[in-house]
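Protein chains: 4
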Amino acid sequence: MEFMASALERVRKIKLVIFDVDGVLTDGGLYVGAQGELMKRFYVKDGLAITLARQAGLKTAIITGRYSAMVEQRAKELSIDAVWQGCGDKCKAYRELKKKFDVVDEEIAYIGDDLLDLPIMLQVGFAAAVGDAAAEVKHSAHLVAAEDGGHGAVREILEFVLKTQNKWENVIAGFRNTSITETPAH
Amino acid sequence: MEFMASALERVRKIKLVIFDVDGVLTDGGLYVGAQGELMKRFYVKDGLAITLARQAGLKTAIITGRYSAMVEQRAKELSIDAVWQGCGDKCKAYRELKKKFDVVDEEIAYIGDDLLDLPIMLQVGFAAAVGDAAAEVKHSAHLVAAEDGGHGAVREILEFVLKTQNKWENVIAGFRNTSITETPAH
Amino acid sequence: MEFMASALERVRKIKLVIFDVDGVLTDGGLYVGAQGELMKRFYVKDGLAITLARQAGLKTAIITGRYSAMVEQRAKELSIDAVWQGCGDKCKAYRELKKKFDVVDEEIAYIGDDLLDLPIMLQVGFAAAVGDAAAEVKHSAHLVAAEDGGHGAVREILEFVLKTQNKWENVIAGFRNTSITETPAH
Amino acid sequence: MEFMASALERVRKIKLVIFDVDGVLTDGGLYVGAQGELMKRFYVKDGLAITLARQAGLKTAIITGRYSAMVEQRAKELSIDAVWQGCGDKCKAYRELKKKFDVVDEEIAYIGDDLLDLPIMLQVGFAAAVGDAAAEVKHSAHLVAAEDGGHGAVREILEFVLKTQNKWENVIAGFRNTSITETPAH
Chain W
1 MEFMASALER VRKIKLVIFD VDGVLTDGGL YVGAQGELMK RFYVKDGLAI
51 TLARQAGLKT AIITGRYSAM VEQRAKELSI DAVWQGCGDK CKAYRELKKK
101 FDVVDEEIAY IGDDLLDLPI MLQVGFAAAV GDAAAEVKHS AHLVAAEDGG
151 HGAVREILEF VLKTQNKWEN VIAGFRNTSI TETPAH
Chain A
1 MEFMASALER VRKIKLVIFD VDGVLTDGGL YVGAQGELMK RFYVKDGLAI
51 TLARQAGLKT AIITGRYSAM VEQRAKELSI DAVWQGCGDK CKAYRELKKK
101 FDVVDEEIAY IGDDLLDLPI MLQVGFAAAV GDAAAEVKHS AHLVAAEDGG
151 HGAVREILEF VLKTQNKWEN VIAGFRNTSI TETPAH
Chain C
1 MEFMASALER VRKIKLVIFD VDGVLTDGGL YVGAQGELMK RFYVKDGLAI
51 TLARQAGLKT AIITGRYSAM VEQRAKELSI DAVWQGCGDK CKAYRELKKK
101 FDVVDEEIAY IGDDLLDLPI MLQVGFAAAV GDAAAEVKHS AHLVAAEDGG
151 HGAVREILEF VLKTQNKWEN VIAGFRNTSI TETPAH
Chain L
1 MEFMASALER VRKIKLVIFD VDGVLTDGGL YVGAQGELMK RFYVKDGLAI
51 TLARQAGLKT AIITGRYSAM VEQRAKELSI DAVWQGCGDK CKAYRELKKK
101 FDVVDEEIAY IGDDLLDLPI MLQVGFAAAV GDAAAEVKHS AHLVAAEDGG
151 HGAVREILEF VLKTQNKWEN VIAGFRNTSI TETPAH
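Line by line, the protein sequences are chains W, A, C and L. Heads up: the first sequence runs through residues 1 to 186, numbered per the numbering used here. Heads up: the second sequence runs through residues 1 to 186, numbered per the numbering used here. Heads up: the third sequence runs through residues 1 to 186, numbered per the numbering used here. Heads up: the fourth sequence runs through residues 1 to 186, numbered per the numbering used here.
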């Protein structure tokens with residue numbers, strides 16, 4: 001995990017985390033059947049981190065250029081707060097999200113992997129790239145994950161956010177107590 | 001494979017092995033279609049080890065927070081002795097399993113990969129983690145597999161149990177005789 | 001990325017890029033269900049590169065020996081200019097493409113991975129192999145990608161073409177401007 | 001690729017090659033849906049090698065303990081000469097194949113990955129293991145592939161057989177001639 005010294009400062013202000021889908025919540029594989037896209041492969045450890053981040057008070061959102069019913073399914077399971085799919089203009093979706101959650105650029109984190117993510121990454125307070133992001137995306141990120149998309153990058157970045165905001169210890173402590181009464185989605 | 005010196009002592013007492021599913025019997029991939037989860041990817045070599053462990057006298061069980069029909073299918077194929085899915089409270093499932101099989105904590109092994117597994121791992125006699133488990137899970141395990149979940153970790157851990165209990169040589173000897181009359185599921 | 005010194009010269013003349021499918025646009029995995037091939041796994045970053053290459057003025061085509069509806073789906077999504085499937089004779093398809101696009105051998109690039117691709121690779125102006133291509137194919141290629149098929153080889157090769165033709169900087173510049181009005185397929 | 005000195009001698013006599021399926025023609029992944037096994041992932045480069053081996057005069061067969069319609073589909077596409085599925089007794093299937101093709105042990109090669117394959121591997125003239133085979137299987141093999149199951153092990157082993165039998169150069173020569181009139185399945 002490489003990051004600029006300023007990353008910690010930036011992360012402390014984050015209230016909303018936005019995810020790209022293909023290549024970020026998945027490893028970029030597009031499983032196409034005879035009728036079109038058949039399924040997406042998400043990653044269970046990323047899912048738990050998203051649930052924990054939400055429980056720790058962060059808002060979560062998805063912005064993606066493609067549209068698929070699979071993203072709706074996964075977002076619903078994880079109770080993601082807002083989903084923007086099939087965005088011809090990712091920046092318009094970004095502006096709408098700012099209004100909806102009443103946050104400013106400095107309070108927003110974005111996790112991306114490819115050129116389409118650059119415009120938003122250049123605006124948000126904290127821009128993170130998955131380990132196998134395009135070179136230009138890594139170059140524009142405040143933090144580059146050691147893990148690849150769909151294989152733990154989102155988990156790694158969210159843990160970094162929660163640790164920096166001193167919320168991780170609380171999360172772990174909950175699991176160390178033996179009587180769990182509600183299991184988070186993952 | 002790293003393990004504490006006491007691991008051998010612990011493993012000798014094991015009568016029941018409990019598996020988490022996502023990230024343990026699979027590599028953590030969640031294949032989501034338009035209607036929800038479409039399939040899970042299990043691993044054939046893990047399956048053979050589970051069958052052999054059962055034939056060698058060990059009881060086997062699954063406890064998982066998610067629910068899916070795929071787990072029922074796979075559990076049936078492998079004749080797993082008990083399946084607890086969609087557990088809001090994994091510890092409750094654990095207590096029920098103890099009663100059902102009339103075993104105490106020291107006689108139970110659990111294989112996990114993520115934070116949700118911690119409460120049970122802190123109770124069982126032998127806690128094992130897959131190679132790509134979360135850091136906190138590895139830290140709380142008596143043994144960490146060299147292999148990752150869904151790619152042989154379960155096989156590796158069950159072989160370790162059977163070898164420690166001096167049952168593996170018997171298993172292998174069976175396959176070295178040329179006339180097999182019943183093929184185990186795998 | 002290994003290439004002969006002449007690769008740059010060859011690449012400057014390219015007007016049409018032809019892709020093999022299995023092992024090039026995918027990692028060679030054939031997902032077979034009870035009724036036959038069920039799906040193919042394409043790669044999102046390859047898709048974006050194909051769209052960008054097309055927008056930069058290159059023609060794109062697919063020639064494949066197998067037939068599947070999935071290839072039609074993916075080709076349509078990416079607006080690939082010509083698709084030849086189930087070719088008993090890949091060279092006939094190649095000759096037809098030359099007529100259709102009114103180009104000569106020197107203006108054609110081909111990306112392949114296995115022996116079936118050799119005849120065309122020996123004819124085109126610029127023959128590229130994916131990183132995990134068969135030894136004989138790598139040997140006959142002007143350029144061998146560092147990345148494997150289905151995991152970024154096509155992206156890498158198309159970036160190399162666009163950079164050599166001085167078109168890449170333009171592409172990137174578009175994404176660095178914050179108001180995108182049309183999102184390319186990927 | 002490791003092999004005993006005698007491997008070359010053994011390979012020269014081979015007339016029939018038998019494949020296990022899960023872990024050999026696939027990487028051991030079992031894709032289970034709500035109704036049971038949904039699909040298998042085969043590998044295109046293995047397929048081409050099987051077709052070429054058959055065209056070079058070798059007989060091919062499948063023996064597998066599990067049953068699935070996917071194996072029928074794939075075997076048909078590759079024109080594999082005999083398929084034995086759901087074998088309670090792999091050795092019985094093996095004896096039947098010897099009769100059917102009128103061959104003796106020394107003329108048979110078998111490619112396996114796990115304990116269930118040991119009985120046949122101990123009988124055939126040439127026993128090969130995929131790179132990620134179980135330790136006991138590797139130990140009993142005359143040759144261990146560098147590549148893993150489902151990722152080129154079968155291709156590697158068949159190339160080794162064809163090269164040792166001086167048939168590979170012929171195969172390659174065919175592809176170097178530009179006018180192919182019939183494309184082999186892959």
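Think of the hints as simulated: they come from the structure by calculation, not from any bench. Keep in mind that a hint or two might mislead.
Since the list gives no way to pick out one identical chain from another, each pair is judged satisfied if it fits inside one copy or across any two copies.
As the list claims (entries may be wrong) - Simulated crosslink set (DMTMM-like; lysine to aspartate or glutamate; CA at most 20 Å straight-line):
hint, residue 1, residue 2
1, LYS163, GLU96
2, LYS100, GLU72
3, LYS15, ASP102
4, LYS99, ASP148
5, LYS92, GLU156
6, LYS15, GLU96
7, LYS92, GLU106
8, LYS59, ASP148
9, LYS138, GLU169
10, LYS163, GLU72
11, LYS100, GLU156
12, LYS138, GLU156
13, LYS15, GLU169
14, LYS163, GLU136
15, LYS167, GLU96
16, LYS92, ASP102
17, LYS138, ASP102
This structure is a prediction, so every number in the text was calculated from the model and none was measured.
Against the structure, the hints:
{"no.": "1", "hint": "LYS163 - GLU96", "in the structure": "neither (28 Å within a copy, 35 Å between copies)"}
{"no.": "2", "hint": "LYS100 - GLU72", "in the structure": "within (19 Å within a copy, 39 Å between copies)"}
{"no.": "3", "hint": "LYS15 - ASP102", "in the structure": "within (10 Å within a copy, 49 Å between copies)"}
{"no.": "4", "hint": "LYS99 - ASP148", "in the structure": "neither (31 Å within a copy, 42 Å between copies)"}
{"no.": "5", "hint": "LYS92 - GLU156", "in the structure": "neither (28 Å within a copy, 30 Å between copies)"}
{"no.": "6", "hint": "LYS15 - GLU96", "in the structure": "within (16 Å within a copy, 41 Å between copies)"}
{"no.": "7", "hint": "LYS92 - GLU106", "in the structure": "within (17 Å within a copy, 43 Å between copies)"}
{"no.": "8", "hint": "LYS59 - ASP148", "in the structure": "neither (23 Å within a copy, 32 Å between copies)"}
{"no.": "9", "hint": "LYS138 - GLU169", "in the structure": "between (29 Å within a copy, 17 Å between copies)"}
{"no.": "10", "hint": "LYS163 - GLU72", "in the structure": "neither (29 Å within a copy, 37 Å between copies)"}
{"no.": "11", "hint": "LYS100 - GLU156", "in the structure": "neither (27 Å within a copy, 38 Å between copies)"}
{"no.": "12", "hint": "LYS138 - GLU156", "in the structure": "both (16 Å within a copy, 16 Å between copies)"}
{"no.": "13", "hint": "LYS15 - GLU169", "in the structure": "within (18 Å within a copy, 34 Å between copies)"}
{"no.": "14", "hint": "LYS163 - GLU136", "in the structure": "between (27 Å within a copy, 14 Å between copies)"}
{"no.": "15", "hint": "LYS167 - GLU96", "in the structure": "neither (28 Å within a copy, 33 Å between copies)"}
{"no.": "16", "hint": "LYS92 - ASP102", "in the structure": "within (15 Å within a copy, 41 Å between copies)"}
{"no.": "17", "hint": "LYS138 - ASP102", "in the structure": "neither (28 Å within a copy, 40 Å between copies)"}
Checked against the numbered hints above, the structure breaks hints 1, 4, 5, 8, 10, 11, 15, 17 and satisfies the rest.
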